[in-house]
Amino acid sequence: MTAFFIWARRFAAYRSLTELLARSSLARLAIISALPLAWIVLANIAPLVQMFVISFYQSYPLAAGTAPEFTIRHYFAFFERPLYLSAFARSFIFATLVTALTLLVMFPVAYYIAKVAPRIRRVRLLLLVIAPFWISEIIRSFAWMLMLSNRGAVNSFLSSVGYSGPPFELLYNNISLTIGVLYLTSLYMLLPLYSALEKIDDRLLEAAADLGATSFRRFTRIILPLARDGIVTGCTLVFLLVVGLYAMPVLLGGPSNTLFASTIGQIFGRAGDSWPLGSAFSMILIFAALAYVGVFMAVLQKQPGRRS
Amino acid sequence: MMHHLGKVALPVYFWLFVTWLFLPLFVMAAMGFRDSNFVAFPIQSWTTDWYQSVLDDREILASLWVSLQVAVLSTILGLGIGTPMAFMVARFHGVWRAILITIIVMPAFIPIVVSAIALRMFIGNFGIQTGLVAIAFGHAVSSVPFVVVMLLTRLNSMSPNLADAARDLGADEFIIFFRVVLPYLSPALFGAFMFCMLLSFEDFTRSFFLGSFDPTFPVLLFARLRFGFDPGLAAISTLVLVATIALGIYAERFTRKRTAPAKQGRLAASGDDKNV
Amino acid sequence: MSKSVPAIEVRNVAKSFAEFRAIDNVSLTVESGIFITLLGPSGCGKSTLLRSIAGFLTPDSGSIMVGGRDVTALPPHIRPVNMVFQDYALFPHMSVRRNVGFGCEMKGMTRLEIEARVDAMLELIRLPDVGSREPSALSGGQRQRVALARALAPDPVSLLLDEPLGALDLKLRLELQHELKSIQRTTGKTFVFVTHDQDEAMSMSDLVAVMKDGRIEQLDTPRAVYARPATAFVAGFVGAANMLPARVSGNDGAVLNLEVEGQNWAVPADCVTGGRTVATGDVVTLVIRPEDVIVGSGPGFGELALPARAHEQTFLGGRIHLRCQTANGTALTLEVRPGSVPEGDGTLDLYIAREAVAVLVERKETVK
Chain D
1 MTAFFIWARR FAAYRSLTEL LARSSLARLA IISALPLAWI VLANIAPLVQ MFVISFYQSY
61 PLAAGTAPEF TIRHYFAFFE RPLYLSAFAR SFIFATLVTA LTLLVMFPVA YYIAKVAPRI
121 RRVRLLLLVI APFWISEIIR SFAWMLMLSN RGAVNSFLSS VGYSGPPFEL LYNNISLTIG
181 VLYLTSLYML LPLYSALEKI DDRLLEAAAD LGATSFRRFT RIILPLARDG IVTGCTLVFL
241 LVVGLYAMPV LLGGPSNTLF ASTIGQIFGR AGDSWPLGSA FSMILIFAAL AYVGVFMAVL
301 QKQPGRRS
Chain L
1 MMHHLGKVAL PVYFWLFVTW LFLPLFVMAA MGFRDSNFVA FPIQSWTTDW YQSVLDDREI
61 LASLWVSLQV AVLSTILGLG IGTPMAFMVA RFHGVWRAIL ITIIVMPAFI PIVVSAIALR
121 MFIGNFGIQT GLVAIAFGHA VSSVPFVVVM LLTRLNSMSP NLADAARDLG ADEFIIFFRV
181 VLPYLSPALF GAFMFCMLLS FEDFTRSFFL GSFDPTFPVL LFARLRFGFD PGLAAISTLV
241 LVATIALGIY AERFTRKRTA PAKQGRLAAS GDDKNV
Chain U
1 MSKSVPAIEV RNVAKSFAEF RAIDNVSLTV ESGIFITLLG PSGCGKSTLL RSIAGFLTPD
61 SGSIMVGGRD VTALPPHIRP VNMVFQDYAL FPHMSVRRNV GFGCEMKGMT RLEIEARVDA
121 MLELIRLPDV GSREPSALSG GQRQRVALAR ALAPDPVSLL LDEPLGALDL KLRLELQHEL
181 KSIQRTTGKT FVFVTHDQDE AMSMSDLVAV MKDGRIEQLD TPRAVYARPA TAFVAGFVGA
241 ANMLPARVSG NDGAVLNLEV EGQNWAVPAD CVTGGRTVAT GDVVTLVIRP EDVIVGSGPG
301 FGELALPARA HEQTFLGGRI HLRCQTANGT ALTLEVRPGS VPEGDGTLDL YIAREAVAVL
361 VERKETVK
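Residue numbers (the UniProt record's numbering), protein chains in the order written: chain D, 1 to 308; chain L, 1 to 276; chain U, 1 to 368.
Everything labelled a hint here was simulated from the structure, so no lab data went into it. Yeah, the Cβ is synthetic: ideal placement off N, Cα and C, and Gly gets one too.
FRET-style restraints, in silico, Cβ to Cβ: (1) L:ARG226 / D:ILE72: 28 to 38 Å; (2) L:ASN156 / D:ILE72: 40 to 50 Å; (3) D:ASP201 / U:GLY262: 58 to 68 Å; (4) U:GLY275 / D:LEU20: 37 to 47 Å; (5) L:ASP214 / D:GLY269: 11 to 21 Å; (6) D:PHE168 / L:ASN156: 43 to 53 Å; (7) D:ASP201 / U:HIS178: 35 to 45 Å; (8) L:ASP214 / D:LEU62: 28 to 38 Å; (9) U:LEU170 / L:ASN156: 22 to 32 Å; (10) U:SER95 / L:THR48: 41 to 51 Å; (11) D:ILE120 / L:LEU68: 32 to 42 Å; (12) L:PHE126 / D:GLY65: 17 to 27 Å.
SDA-like cross-link-like pairs, simulated, lysine to any residue; straight-line CA separation at most 25 Å: (13) U:LYS181 / U:GLY166; (14) U:LYS181 / U:HIS196; (15) D:LYS115 / D:ARG203; (16) U:LYS107 / D:ILE6; (17) L:LYS7 / D:ASP201; (18) L:LYS257 / D:LEU127; (19) U:LYS107 / U:ALA120; (20) U:LYS212 / U:ASP199; (21) U:LYS107 / U:GLU134; (22) L:LYS257 / U:GLN142; (23) D:LYS199 / D:ALA131; (24) U:LYS107 / D:THR2; (25) U:LYS107 / D:ARG10; (26) L:LYS7 / D:ILE120; (27) L:LYS7 / D:ASP210; (28) U:LYS181 / U:LEU207; (29) L:LYS7 / D:LEU211; (30) L:LYS7 / D:VAL123; (31) D:LYS199 / L:VAL12; (32) U:LYS212 / U:ALA227; (33) D:LYS199 / D:ARG121; (34) U:LYS107 / U:MET65; (35) D:LYS199 / L:THR153; (36) U:LYS107 / D:ARG15; (37) L:LYS257 / U:ARG133; (38) U:LYS212 / U:THR29; (39) U:LYS181 / U:GLY140.
Given the sequences, and given the hints that come with them, work out the whole structure.
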C-alpha cells in the first residue's frame with residue numbers, strides 16, 4: 001500500500017495534490033466532508049422536511065402534472081376523532097409511567113454495578129446485563145409471550161405449586177406490555193445512570209458521612225444531584241423510545257389499548273391518499289414528544305445547585 | 001442501615017434483575033425442545049426435532065439470508081459514511097461541534113415509526129422501491145450516529161502529534177490515513193462494524209416499513225407470532241439468540257482488549273503555545 | 001568551526017493566532033552542528049517557532065531556510081527536518097523497528113537499506129534489543145530514545161525537539177540530558193531544542209535563545225546568559241537574581257561609577273549587558289546572583305560592602321538560603337554554605353565583587 005503511494009509520487013499531479021492537502025487544512029476538510037454532509041442532508045434532514053411539507057398537501061402522491069394544493073385539515077383531523085386523541089394521550093401517559101418505572105427499577109441496578117460491586121467485576125457485570133439487548137425486540141417479545149400466556153411458564157409454575165384456580169390473564173394486556181417494554185427500555189436507562197454514578201468520587205460520600213450526613217441525606221444531597229445528568233439522559237432516551245414503539249404493543253398489548261405510533265403505522269398501511277394525514281400525525285408526535293421532553297429538561301435545569 | 005442495604009439488599013436485587021432478564025430466554029430455549037405441537041408447560045417429553053425442522057423451513061432460511069444481506073449492506077454504508085463523518089466532526093470544536101453532533105444523532109431521537117415512514121416516502125422520489133436496498137438504507141441511517149460516536153471517542157484519544165509525526169517523517173496525507181489513522185482506529189472500527197451488524201439484524205420497525213415481499217427474520221417472526229406460536233419458533237429464536245449474544249460478547253471483549261493498552265502510550269500534551 | 005551554510009535561518013518571521021502575536025518578527029541563524037535551545041515560559045512563542053520550522057505552521061510573514069533552501073512554502077512532509085514530540089507520538093500499532101524505519105520507508109529506501117539504518121539507530125540509542133516490541137511495552141525513557149532514533153533515522157539536516165523530556169521524572173531527565181548531548185556530539189547533527197526548564201537549557205546547549213512575548217530576548221552561550229543577562233526578564237528566568245537599583249555617576253569607557261545604596265562603587269564598564277551604553281544620570285539595575293554575595297570576611301579590593309539584616313534562613317542540605325534586607329529596604333537572597341552564618345536573625349556584613357555584577361539598562365521589573 002505504502003509502496004503504491006511512494007510510486008505515485010513520480011507524477012506531478014499526485015505531488016501537487018498531496019502538497020495541497022498537507023498545506024491546507026481546508027482542502028482536507030473539503031475532501032472529508034463532502035460525503036457526510038450529503039448524507040446528513042439526504043438522510044437526516046430531507047426526509048423529515050418532505051414529510052412536513054406533505055402533511056400540508058391535500059393528497060399524496062400527486063397525480064401526474066398537477067400542482068399540490070395545500071391545507072391544514074389533516075392537523076384538524078387529529079382533534080376531530082376521539083380515537084386519535086385517546087391513543088395519543090394513552091401513548092404519553094404510558095410512556096411517562098414506563099419511564100418512571102424504568103428509572104425506579106434501574107437505579108439500584110446501576111448503583112450496584114457502579115458503586116457497590118468490586119471494581120474488577122464491573123465490566124463483567126455490565127456485560128452480563130447488556131447481553132440480552134443485542135437480541136431482536138421481536139424475539140424478546142416472544143420470550144415474554146411464552147412466559148405469560150395462559151399455559152405459559154408463570155401460570156404452569158403457579159399450578160405446580162398448588163394453585164388450582166383459572167390461569168391468570170397476563171398476556172395481551174397492560175401487564176404484559178409494561179413488562180415487555182421495561183425489558184426493552186432498561187438498558188437505555190442503565191447506561192447513562194451507570195456512567196453518571198461511576199463518575200461520583202467515593203471520597204465525597206465518605207466526606208459527607210464524616211460530616212455527619214445520614215445515609216438518606218447522602219443519597220438525596222449528593223448522589224441524586226450528581227447523577228442528575230444521567231437521569232435526564234436516561235429518561236429522555238426511554239421516553240422517546242416508548243413513544244415510538246410499534247411492534248411490541250401489537251404483540252404484547254391488548255386490542256383495546258392502541259398506542260399512537262401504531263395508529264400512525266396503520267394510517268400509512270391504508271390507501272395512498274392517507275399519507276398526508278399520517279405525515280401530519282407524525283409531525284404532531286415528533287413535536288409533542290420533543291416539547292414534552294424539553295419541558296421535562298427545563299424543569300430539572302431549574303433545580304438549585306445545578307452544575308452547568 | 002444503608003450499610004446493610006449495600007451489603008445484602010443491593011446484590012440480591014441485582015441478581016433478581018439478572019434472573020428477570022435471562023429467565024424468559026431460558027424458558028424460550030427450553031420450549032424449543034418440547035415434544036408437542038403446542039406451546040405449554042410443563043415440558044414432559046423432550047425432542048430435538050424442532051431444531052431440525054426449522055433448519056428445513058425454507059421461509060425462515062430465506063429470511064435469515066435477507067437479514068444477513070441487509071446487515072452487510074447497511075454496515076458497509078454505515079461505516080463508509082460514518083468514518084469520514086467522525087473525521088469531519090473531529091475537526092470542529094465548541095459550539096460548532098455540538099451543533100454538528102446534534103444534527104448527526106437526530107435520527108436516534110426521532111420516533112422510529114416516523115423516521116422509517118419518512119424515509120419510505122423520501123426514497124420514492126428517487127424511484128427506489130421498498131425492499132432490500134431500502135431497508136439497508138434505513139438501517140444505515142440509524143447506525144451512522146453510533147458509528148460516529150464510537151469512532152469519535154477513539155479519535156479523541158489519538159494524540160494530534162501522531163499524524164504530525166508521520167507528516168514530519170515524510171508521509172503524505174494518503175499514507176497517513178492508511179498507515180497511521182486507520183490502524184489506530186481499527187479496534188473502534190471493528191466495534192462499530194459488529195454494532196452495525198447487530199443493530200441491523202435485530203431491527204424490526206424499519207425493516208417492516210421499508211421492506212416488501214421478502215421479509216427479514218424479525219419481520220417474518222413478527223408475522224408468524226401474530227397467528228400464534230409453536231415450539232419451532234422458539235427453536236429458531238433460540239438459535240438466533242445464541243448466535244447474536246455470542247457475537248456481541250466477542251465484539252465487546254475484542255474492542256475492550258484492543259482499545260485499553262494503546263492508551264498507555266498517550267500523554268496529555270501539556271502544550272506550550274500550540275493550543276493557542 | 002568551518003563556516004558552511006547555516007542549518008537553519010529564520011528571517012523576520014511573524015505568526016499570530018487571532019489577536020495573539022505568538023512570534024513577533026523573529027530572526028535566528030543556527031550554524032550547522034550546533035545544539036541550540038529555545039528557552040522561555042509558556043506562551044513565549046518557542047513552540048510556535050519550532051513548529052513553523054517543522055512546517056506545521058505557516059508564518060504570516062518572513063521566510064525560513066533549511067540547509068540553504070527556502071522551505072517557507074513547503075509542507076512538513078518534504079522538509080528535511082525531523083521532530084521529536086513531547087508525548088513521543090510513537091505509532092502505537094507498529095513495532096519499534098517499523099517506527100524507527102518509518103521515515104526511511106517514506107524516502108523510498110529499499111528494505112535492506114532500511115533494516116541497516118534501523119539497526120544503526122537502535123545501536124546509537126543503546127537499545128538494540130527492543131526492535132520487535134510495541135511502544136506500549138517500553139518505559140518512558142525508552143520511548144523517548146526510540147522517538148529520537150525515529151527522528152534521526154531519515155538523516156535530517158536538523159533535529160527539532162519539542163520539550164522531549166518534559167514528561168519524565170527528574171532522575172531520568174538528567175540521564176537523558178546527558179545522553180542527548182552525547183548523541184548530538186556523535187552524530188554532529190544540528191539540534192534545536194525547546195524547553196521551559198533553564199537547567200535543561202544550561203546543561204546541554206551550545207547556544208541559548210531566551211524568548212519572551214514572541215521575541216528573542218537574548219541569544220548567547222549558557223554562561224553569558226547566566227552571568228550577563230541582557231534584560232531583567234532573562235536575569236530572573238535563568239536562575240535566581242538579586243536586583244539592586246543604581247544610578248550612573250560617571251562612565252569613562254573603562255570604568256563605570258555607580259551610586260548604589262548610598263555608596264559610590266566603581267565597576268568595569270563591560271559589566272553593562274546587552275551591548276548597551278550608559279551615560280551619567282542613567283538609572284540602571286544591578287543583577288547579582290545569590291551565590292555571588294559573600295558574607296563577612298571584610299572587603300576585598302573593589303568590593304561593595306552592604307550591611308543587611310538576615311530575617312529568614314531556609315536549610316536546603318548542602319546550602320542555605322538566606323533572605324536579607326539592606327538598610328534601604330532592598331530584599332536580597334543569598335546562597336551560602338551551612339555554618340558560614342550564625343543561626344537566627346542578626347546583622348550581617350555582605351560583600352559583592354565588582355566582577356560579579358551585571359548592569360542592566362532598563363527599569364527593574366517584578367520578576368520572580
